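With the sequences and hints as input, model every part of the structure.
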Amino acid sequence: MRFSPVPRGAHFFELFTESAAHLLTGAGLLARILGADRTERAELASQLGDAEHAADEVAHQVFTALAQTFVTPFDREDMYHLTTSLDDCMDAMDEAGELIVLYKLGGLPAGVGDLVALLQRCAELTHEAMPRLRSFDGLPEYWIEINRLENQADRVYRRVLAGLFEDGADPLTVIKVKGVVDALEAAADSFEKLANGVQTIVLKES
Amino acid sequence: MRFSPVPRGAHFFELFTESAAHLLTGAGLLARILGADRTERAELASQLGDAEHAADEVAHQVFTALAQTFVTPFDREDMYHLTTSLDDCMDAMDEAGELIVLYKLGGLPAGVGDLVALLQRCAELTHEAMPRLRSFDGLPEYWIEINRLENQADRVYRRVLAGLFEDGADPLTVIKVKGVVDALEAAADSFEKLANGVQTIVLKES
Amino acid sequence: MRFSPVPRGAHFFELFTESAAHLLTGAGLLARILGADRTERAELASQLGDAEHAADEVAHQVFTALAQTFVTPFDREDMYHLTTSLDDCMDAMDEAGELIVLYKLGGLPAGVGDLVALLQRCAELTHEAMPRLRSFDGLPEYWIEINRLENQADRVYRRVLAGLFEDGADPLTVIKVKGVVDALEAAADSFEKLANGVQTIVLKES
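Protein sequences appear in the order of chains G, X and P. Its first residue numbered 1, the first sequence is counted upward by one per residue in the working numbering. Its first residue numbered 1001, the second sequence is counted upward by one per residue in the working numbering. Its first residue numbered 2001, the third sequence is counted upward by one per residue in the working numbering.
FYI, nobody ran anything at the bench for these hints, they're computed from the structure. In this text the structure is predicted, and so the values were computed from the model without any measurement. Beta carbons are placed, not taken as given, at the ideal position from N, Cα and C, and that holds for glycine. Hints should not be assumed to be uniformly reliable.
[Claimed, not checked] Straight-line C-alpha distance at most 20 angstroms; calculated SDA-like pairs for lysine to any residue:
#, chain 1, residue 1, chain 2, residue 2
1, P, K2104, P, E2141
2, P, K2178, P, G2113
3, X, K1204, G, A59
4, P, K2204, X, T1084
5, X, K1176, P, R2155
6, G, K176, X, F1165
7, P, K2178, X, G1179
8, G, K178, P, E2095
9, X, K1178, G, P171
10, P, K2176, G, F165
11, G, K193, P, D2078
12, X, K1176, P, D2154
13, P, K2178, X, A1186
14, G, K178, X, G1179
15, G, K104, X, A1162
16, P, K2193, P, E2124
[What the hints assert, rightly or not] Under 10 angstroms between C-beta atoms, here's a sample of chain P residues computed to sit facing chain X:
#, residue
17, F2165
18, N2196
19, I2201
20, E2205
Below is the structure:
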């Protein structure tokens, strides 16, 4: 099913790695947004938006290359899946950052910082894994760890959600903060889907 | 990768155009719902539901034809993608109309009318673009304009959302109106995904 | 397009049936959660979580088998679609159960019980249909009935939603119960997508 390595493949791996670099930038900006005051937050969210646009550009380059390349390094639908998953990670992080600014939120529950720290770790691992699609070295460690981090994010998410509704909670604040943590949880899910996509590729080739 | 044009292709283009005609009807009904009183709204939402059912029927015909046709005019997965995107546009607009009636909403923020006007424009452009899948004439203009409209819808959506939570907002009204504008924003997203699908087809063939 | 039946196919049908058995267990647990008190609910939701994990394991086995099998009984993407739809049904039901416990909800509107009863019926029909992918016997009856049940679930969902917002509703309770019924409605949608996937397979083969 797999053709022998083609030089053209190199181009795709570089694009995936570039896309993951934007995720790393994005997750870092999200962490800084949490600690910043309102003026800084707007500026940081605008930088996060720039990272999102840059990632969009890369996704567009991959789609164009996929449409115009006859022999792709892996099955076309798996390449497509990786690209949209990378995009989904970025979109969800960008949405979280935007909502924090849009809703003029003040301090956020501690669990929100924990979720963002988990996303930063996911972004690091993903950024390290993408160039290894060339050799397949160390990829199982990557997807096992992402799955572990996503489970952890899920537990933190539920803890934050339960805490949100505690006695005396203001309904409008609940809606706003829930919007932010839902977006963070969606980002963790997308990192997991991306890792599952990498696993599918490795399974097919082995 | 592409087979020479087959007469059978004509059938698919007609179905896509028919589906887009239902979108145009749906977006028009949505605009009328905004300006109507409660009794009229229920009647218009029911007509919107009929348009949704009719579009569903067309999607079903496409899926049946795809399953039974050996040579499709474009890659099978791209045809499938177009069909589900057309369906998603309709579902989201129908949901918005239903929620307005179900929640017995009165006047809606001005931005809601702006969003619906943008969707009407998207539906017009989509309806004009579908028959041009035959010749590929003017398709880049179509997808560039849809992307521009979606960006505009995104800005309007965020403005409406920020406005919703302003001083003295009633939480239940916020939940209801947010449900409606979330559905409108999802419709704009689906129009963009549809346009991206058309772009993929053109890229593959050129 | 179809290769002659291969013994390997049997393995896939057994996995789909096993996955559907977990759906049946899950829907039953969900029904018991509604009638239970808080202590029992936590225990039942934990069993529901176990069923979800078990279903996840099965999905993983299908993906591994798909990646490693050269000739699959049906088109690869249709097998993939069935597997993710089965998974989506389970995830949505598990989410509903978890939220009931997490939000410490007391009694739920009557319509919630109706929705769960509809999901139980969907799970039964799905469990009966999966082994019949071997012979195709009685599959149209299955997907027609699922479509009917999904339409019914949609009407119940809207009735519950409208009722939720009635005079004197507490916004936090609205957010919580809406989270639960949104998850139940998503489960019904996923059962319908699964049935549509089965229909696609049958259309392709006939």
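Consistency of the hints with the structure:
{"no.": "1", "hint": "P:K2104 / P:E2141", "result": "violated (39 angstroms)"}
{"no.": "2", "hint": "P:K2178 / P:G2113", "result": "holds (14 angstroms)"}
{"no.": "3", "hint": "X:K1204 / G:A59", "result": "holds (16 angstroms)"}
{"no.": "4", "hint": "P:K2204 / X:T1084", "result": "holds (18 angstroms)"}
{"no.": "5", "hint": "X:K1176 / P:R2155", "result": "holds (18 angstroms)"}
{"no.": "6", "hint": "G:K176 / X:F1165", "result": "holds (9 angstroms)"}
{"no.": "7", "hint": "P:K2178 / X:G1179", "result": "holds (11 angstroms)"}
{"no.": "8", "hint": "G:K178 / P:E2095", "result": "holds (16 angstroms)"}
{"no.": "9", "hint": "X:K1178 / G:P171", "result": "holds (14 angstroms)"}
{"no.": "10", "hint": "P:K2176 / G:F165", "result": "holds (9 angstroms)"}
{"no.": "11", "hint": "G:K193 / P:D2078", "result": "holds (19 angstroms)"}
{"no.": "12", "hint": "X:K1176 / P:D2154", "result": "holds (18 angstroms)"}
{"no.": "13", "hint": "P:K2178 / X:A1186", "result": "holds (19 angstroms)"}
{"no.": "14", "hint": "G:K178 / X:G1179", "result": "holds (14 angstroms)"}
{"no.": "15", "hint": "G:K104 / X:A1162", "result": "holds (9 angstroms)"}
{"no.": "16", "hint": "P:K2193 / P:E2124", "result": "holds (16 angstroms)"}
{"no.": "17", "hint": "F2165", "result": "holds (6 angstroms)"}
{"no.": "18", "hint": "N2196", "result": "holds (8 angstroms)"}
{"no.": "19", "hint": "I2201", "result": "holds (9 angstroms)"}
{"no.": "20", "hint": "E2205", "result": "holds (9 angstroms)"}
The earlier numbered hint that this structure contradicts is number 1, and it is the only one.
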